[in-house]
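Asker: Sequence:
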Amino acid sequence: MKVVGLVSGGKDSCFAMMKCLQYGHEVVALANLLPANDSVDELDSYMYQTVGHQIVVSYANCMGVPLRHDLSYNMTTGDEVEDMFILLKEVKKQIPSVTAVSSGAIASDYQRLRVENVCSRLGLISLAYLWKLDQSLLLQQMIETGIVAITVKVAAIGLDPSKHLGKEMSYLWSHLLKLNELYGSNVCGEGGEYETLTLDCPLFKYARIVLDEFQLVLHDSNSIAPVGILHPVSFHCEDKPKSDSVSDTNSNSNGFCLENMGSVIEVQSESLETVENKCHPSHSHVPLDLSQLETRKLHTSRTRKDNTFSISCWLQDSETSVDLKEDLKMILLKIESEVNEAGFSWENVVYIHLYISDMNMFGIANETYVNFITQEKCRFGVPSRSTIELPLSEAGLGRAYVEILVTNDQSKKVLHVQSISSWAPSCIGPYSQATLHKEILHMAGQLGFDPPTMTLCGGGPIGELEQALVNSEAIAKSFNCSIMTSAILFVIYCSKSTSKLDRISLQEKQNSFLNQTKRLLNPVFLYVLVPDLPKRAFVEVKPMLFVEDNNNTETEEVVNDLKYEENHFDSCFKPEKWHDECVQTCLVHDRICAVVLSITSENFNCFNVDNAEEKMGKVAKFCIYRLDKVLSQNYYSWDDVTNLRIYFPTSSNISHEKLSLMFKTRFDEFAETTKRLKICNEPIFNIVPVIGAGSCATSMDDIITCELLARKS
1 MKVVGLVSGG KDSCFAMMKC LQYGHEVVAL ANLLPANDSV DELDSYMYQT VGHQIVVSYA
61 NCMGVPLRHD LSYNMTTGDE VEDMFILLKE VKKQIPSVTA VSSGAIASDY QRLRVENVCS
121 RLGLISLAYL WKLDQSLLLQ QMIETGIVAI TVKVAAIGLD PSKHLGKEMS YLWSHLLKLN
181 ELYGSNVCGE GGEYETLTLD CPLFKYARIV LDEFQLVLHD SNSIAPVGIL HPVSFHCEDK
241 PKSDSVSDTN SNSNGFCLEN MGSVIEVQSE SLETVENKCH PSHSHVPLDL SQLETRKLHT
301 SRTRKDNTFS ISCWLQDSET SVDLKEDLKM ILLKIESEVN EAGFSWENVV YIHLYISDMN
361 MFGIANETYV NFITQEKCRF GVPSRSTIEL PLSEAGLGRA YVEILVTNDQ SKKVLHVQSI
421 SSWAPSCIGP YSQATLHKEI LHMAGQLGFD PPTMTLCGGG PIGELEQALV NSEAIAKSFN
481 CSIMTSAILF VIYCSKSTSK LDRISLQEKQ NSFLNQTKRL LNPVFLYVLV PDLPKRAFVE
541 VKPMLFVEDN NNTETEEVVN DLKYEENHFD SCFKPEKWHD ECVQTCLVHD RICAVVLSIT
601 SENFNCFNVD NAEEKMGKVA KFCIYRLDKV LSQNYYSWDD VTNLRIYFPT SSNISHEKLS
661 LMFKTRFDEF AETTKRLKIC NEPIFNIVPV IGAGSCATSM DDIITCELLA RKS
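Residues 1 to 713 in full-length UniProt numbering are what the sequence shown lists, from first letter to last.
Just so you know, nobody snuck in bad clues.
Straight-line C-alpha distance at most 25 Å; calculated DSS-like pairs for lysine-lysine:
(1) K477 - K413
(2) K618 - K574
(3) K621 - K664
(4) K574 - K615
(5) K629 - K618
(6) K621 - K658
(7) K167 - K240
(8) K297 - K329
(9) K675 - K574
(10) K621 - K574
(11) K93 - K2
(12) K664 - K574
(13) K2 - K535
(14) K629 - K678
(15) K2 - K132
(16) K629 - K577
(17) K518 - K477
(18) K2 - K242
(19) K2 - K205
Label-pair restraints from in silico Cβ distances:
(20) N307 - K93: 41 to 51 Å
(21) L137 - S713: 40 to 50 Å
(22) K297 - A612: 22 to 32 Å
(23) A612 - N511: 27 to 37 Å
(24) K496 - A612: 23 to 33 Å
(25) Q140 - K93: 35 to 45 Å
(26) K93 - L520: 47 to 57 Å
(27) E238 - S512: 53 to 63 Å
(28) N117 - E614: 53 to 63 Å
(29) R121 - E672: 49 to 59 Å
(30) S97 - R304: 50 to 60 Å
These aren't lab readings, by the way, just hints derived from the structure by calculation.
In this text, a Cβ means the ideal position worked out from N, Cα and C, and glycines have one as well.
Use the sequences and the hints to build the structure in full.
Answerer: Structure follows, in structure tokens:
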């Protein structure tokens with residue numbers, strides 16, 4: 001991509017641009033915001049470094065690329081991005097080929113989110129290649145790759161303006177590591193401990209900066225952490241030997257005239273309202289016209305838990321299906337109306353499962369999706385999402401199928417990183433990496449993407465699985481947990497393009513990866529064989545983790561109010577060994593219960609009924625009563641269930657509609673007999689058609705697989 005580099009003069013923004021080059025991008029311009037008053041060194045901004053701004057204009061000559069800067073920036077309470085918006089809008093206007101913005105954010109969500117906000121409004125991609133990297137290793141890499149940067153501000157315990165201002169990073173490195181050990185200081189200065197000015201680096205192909213004269217200014221004489229600033233008085237650029245190859249590269253591919261190389265262009269601020277109108281046209285709003293739904297055979301299901309529940313919607317008749325776009329639009333309209341009727345909106349949605357019939361239509365599905373779920377509609381963060389291709393048509397369904405998880409409160413914590421980085425795959429759009437709600441971390445489906453390039457890694461299915469697990473672990477660490485110790489449930493989607501040998505290796509790789517450390521929980525595993533995955537991936541991993549809330553005080557009250565009820569399963573089914581072997585259960589502190597129940601072909605044959613439909617009816621009854629046994633033995637009720645998915649292979653030659661009716665009938669009979677459940681018009685489960693499913697990668701050939709999650713409070 002053609003990249004504009006946000007530069008402040010510090011080491012981080014320079015190294016971030018070096019990483020852009022490493023990953024095959026091209027820096028074609030620089031952008032910088034200067035304080036309106038040139039004599040001011042420090043504005044104490046959370047967003048921008050202003051110390052040393054007098055020298056940044058020379059970066060254009062040193063790198064041979066044009067620099068745009070805005071001279072109007074003033075410190076504004078509560079708003080530090082609009083000048084950047086105007087600046088980058090002008091860069092995009094002058095160099096239309098620019099598609100990405102590089103920034104040096106390492107740990108500051110404040111900076112990252114605001115850069116992403118501006119990029120989103122301008123249709124640009126945020127590149128933050130330093131994001132979440134280990135600061136000690138990062139600083140070492142900067143020094144080793146030839147960045148020569150000096151401190152121009154110090155403001156932390158252990159940093160003395162008289163001793164440490166104007167010193168190079170190579171000189172201060174060991175001292176900064178020591179301060180990190182003693183006081184927890186940020187080695188790269190991310191907490192404002194210090195700021196730097198880059199005088200030379202590999203990007204500076206034409207000249208280096210030489211500081212001729214400077215003044216040390218004591219900004220704050222605090223005895224514990226005095227604040228000092230280095231004010232440049234005079235400097236000059238020292239030319240480097242010319243390189244023909246550099247000149248040729250820049251002149252031919254940067255998208256601007258050779259005579260503009262090294263130029264500094266001042267951007268005159270126009271009113272923000274004018275800029276917004278020019279480059280941020282309003283999105284067409286999808287009107288909620290429920291009359292469109294009346295002619296479609298839309299079906300829904302909903303679990304019964306009051307404060308957290310799932311809603312699913314699908315088109316039952318494939319003959320009335322128009323196309324993916326229209327089917328998905330109708331389904332999202334229906335779900336939106338159901339959510340609104342319950343008194344909620346899209347901002348209450350925690351997670352979305354998007355099932356489509358053809359992954360080749362992913363782009364169209366996404367365009368339709370973003371007309372409903374937007375960041376503007378989701379004030380507390382956009383939901384996390386998993387997108388899978390399913391054999392919907394083979395099951396007699398339309399071309400789309402959606403399941404959402406809804407909560408009645410705003411306590412969710414959303415991790416949505418849109419910047420491309422080395423940390424984990426970015427989510428450029430209205431879906432997030434993970435959402436934490438009431439101690440359950442719902443993670444978006446993870447592919448084997450190499451984060452900095454956003455391409456599938458090599459190594460086939462095994463390589464992709466390992467990278468997907470690494471990506472999952474990076475996301476988990478953001479919530480101070482680990483997939484190796486905190487997992488409740490793993491759902492692993494495998495493309496049908498994986499071979500049986502691949503699946504054996506997948507099982508072994510997952511076991512070895514997750515067994516690197518002692519587990520705190522005993523997670524359940526579900527493997528699902530599907531026609532296709534995004535980007536033609538072999539594997540997609542969807543972990544669910546437990547993140548303990550130490551302030552939780554509700555558990556004891558809930559547990560004490562529940563009583564163990566009669567076990568209806570044992571009175572209906574003669575005990576057999578496989579009745580226990582078919583169930584995986586993960587229980588977390590009497591608060592969360594995850595269950596996977598697998599009916600294999602061998603189990604299926606244990607039901608001595610000749611008629612296939614009657615036998616499937618027996619299986620449905622068995623599944624309901626067996627799940628009920630798990631719930632009741634652990635003091636859960638059906639009102640605690642947040643989702644219940646029932647997977648079936650389309651090769652079983654039973655339609656989705658017929659299987660849904662079987663389970664609905666058996667649930668109604670169960671409710672009538674046991675009084676453990678209220679009979680409702682809508683089912684509390686959703687039937688999911690797949691190629692195959694099972695509790696291990698080597699045998700995804702279950703007749704029926706049930707996935708249930710229940711939680712108290």
